[in-house]
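> Here's the letter readout for the chains.
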Amino acid sequence: MNGADEMISIQGLTKRFDALTAVDNITFSVKRGEVLGFLGPNGAGKSTTMKMLTGYLPITAGKASVCGYDVESRALESRHHVGYLPEGAPLYGDMTTRAFLGFIAEVRGYSGAEKQHSIEVAVKRLGLEPVYNRPIETLSKGFKRRVGFAQAILHDPDVLILDEPTDGLDPNQKFQVRELIKTMASDKAIVISTHILEEVTAVCTRAVIIANGKLVFDGTPEALASRSPTRHLDDVFRELTTKH
Amino acid sequence: MRYVWVIIKRELGAYFSTPLAYVFICIFLGLSGALTFFVGNFFERGQADLNSFFNFHPWLYLFLIPAVSMRLWAEERKTGTVELLLTLPTPTWAVVIGKYLAAWTFIAIALILTFPLWITVNYLGEPDNGVILTSYIGSLIMAGGYLAIGSCLSAVTKNQVIAFIISAVACFLFLMSGVELVQSFFQGWAPDFVLDTIRSLSFLTHFNVISRGVIDLRDIVYFASLIGVFLYVNTAVVDLTRGA
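So the sequences go chain by chain: A and B.
The first sequence lines up with residues 569 to 812 when you count with my numbering.
The second sequence lines up with residues 9 to 252 when you count with my numbering.
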């Protein structure tokens with residue numbers, strides 16, 4: 569362990585649903601400034617790992633901590649340090665963007681001028697001004713995703729966990745989200761799950777691949793590419809995730 | 009608690025930002041009025057009291073309260089927002105209580121809006137306003153009992169219709185346990201203390217006492233412990249069904 573820079577620490581993390589082992593003894597850590605691409609085929613256990621890390625799902629075995637706080641025994645403290653965008657970005661459709669972000673800010677402990685400021689910063693960062701007073705259910709998919717994003721960064725968290733943040737977005741929107749992630753990367757630890765490989769070379773400083781709940785690769789995107797003679801990420805990915 | 013208050017505000021806002029609140033209030037006022045005048049023979053009785061109004065409350069609540077409570081958790085689970093909610097830095101019990109109190113406040117608003125009846129009866133005669141006040145309090149407390157059952161059962165399923173039906177049935181059993189129909193089923197073979205226990209669980213028995221204008225500590229303790237138990241189970245159910 570190298571002290572304060574280690575923002576996320578996962579040791580022997582395991583999740584079993586009855587007979588199915590969704591996540592099988594995974595160990596890795598993420599430092600400040602790192603953008604970790606969390607890769608794997610659909611159903612590999614990416615979302616399950618993220619759900620345990622954010623305190624949504626109980627852990628079967630092993631340990632996970634965020635900023636030194638165990639996600640189970642110090643759940644509330646660890647959640648204060650995490651911004652989470654769940655898969656599909658679920659939101660309260662009947663609320664306006666303004667009301668929704670106001671609610672999140674209040675739950676996060678902001679009030680008054682501080683609350684306004686945190687909302688303004690997030691709205692500006694994600695370009696939500698045009699939809700600020702509209703009900704979320706009337707927004708386009710891209711805007712909904714951005715509202716979900718705004719909710720996750722509202723409290724300027726040390727750790728950002730984004731479950732398929734670009735899934736279902738058009739190429740322009742994907743580009744925007746990636747640019748946003750890059751601008752936030754320097755002072756945070758960011759974990760992005762995806763099954764789109766181009767994403768890894770575009771934004772990530774490190775890649776972790778899991779297949780059938782097991783960790784099969786942990787290294788830089790370059791190291792990942794160099795494992796294939798063709799230097800195509802697709803080939804390496806297929807090789808790593810199908811032989812198990 | 010700050011969290012509880014923030015949740016109450018959001019939930020109450022959600023009622024009034026959708027047609028739900030207005031539909032519910034209109035139907036509640038319409039039905040309770042119709043029952044009072046046409047079935048309860050408010051005028052023909054020639055008595056200056058609101059018994060013909062309050063007597064129908066246990067039956068009215070039987071299907072109106074599950075209609076309010078069914079969405080409390082089932083909807084969050086269906087849309088996935090429960091994941092957002094439970095990964096915020098709030099303890100689960102605070103969310104359960106916040107949602108519950110918001111729904112209860114909403115019912116209280118509907119109940120308060122029946123005040124024209126109170127004005128009518130005061131205009132026509134000289135009723136015992138103390139009795140009317142305790143009846144209102146008793147009705148609200150009984151609504152709280154129904155609501156706790158409904159909230160708890162709403163967390164069991166993702167399907168609001170199922171939540172509605174099982175809540176209505178559970179409330180029906182609690183309501184009827186003091187009535188001849190249920191009692192005669194046990195009479196003859198069950199020992200007296202079982203009969204007494206079942207009878208003492210009945211909403212009707214306790215509500216009848218309060219609506220006569222008597223606030224007995226036993227009735228308050230009964231409803232308070234019923235609400236406490238169901239909200240405790242509710243919290244446990246929410247935690248157990250995470251991710252399910």
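These aren't lab readings, by the way, just hints derived from the structure by calculation.
A portion of the hints provided could be inaccurate.
[As the list claims (entries may be wrong)] Simulated pairs of lysine-lysine, DSSO-like, Cα-Cα distance not exceeding 30 Å:
| id | chain 1 | residue 1 | chain 2 | residue 2 |
| --- | --- | --- | --- | --- |
| 1 | A | 692 | A | 709 |
| 2 | B | 17 | A | 782 |
| 3 | B | 166 | A | 683 |
[As the list claims (entries may be wrong)] Where chain A lies over chain B, by a calculated footprint (3+ residues, C-beta under 8 Å):
| id | segment |
| --- | --- |
| 4 | 21 to 31 |
| 5 | 42 to 49 |
| 6 | 95 to 109 |
For each residue, glycine too, the CB sits at the ideal point set by N, CA and C.
> Taking the hints in turn, state whether each one holds.
So, going through the hints one by one against the coordinates:
As the CA atoms of residue 692 of chain A and residue 709 of chain A are separated by approximately 18 Å, the hinted pair is consistent with the 30 Å bound. At roughly 43 Å between alpha-carbon atoms, residue 17 of chain B and residue 782 of chain A are farther apart than 30 Å, so this suggested pair is violated. Restraint check: the Cα-Cα separation between residue 166 of chain B and residue 683 of chain A comes to about 33 Å, which exceeds 30 Å; the hinted pair is violated. Under a criterion of three residues with beta carbons nearer than 8 Å to beta carbons of chain A, the stated coverage of the segment 21 to 31 of chain B is upheld, 4 such residues being counted.
Here's how the segment 42 to 49 of chain B fares: 0 of its residues keep a CB closer than 8 Å to some CB of chain A, so the rule of at least three is not met and the hint is violated. A count of 5 residues in the segment 95 to 109 of chain B with a Cβ less than 8 Å from any Cβ of chain A is obtained; the coverage claim is therefore met, three being the minimum.
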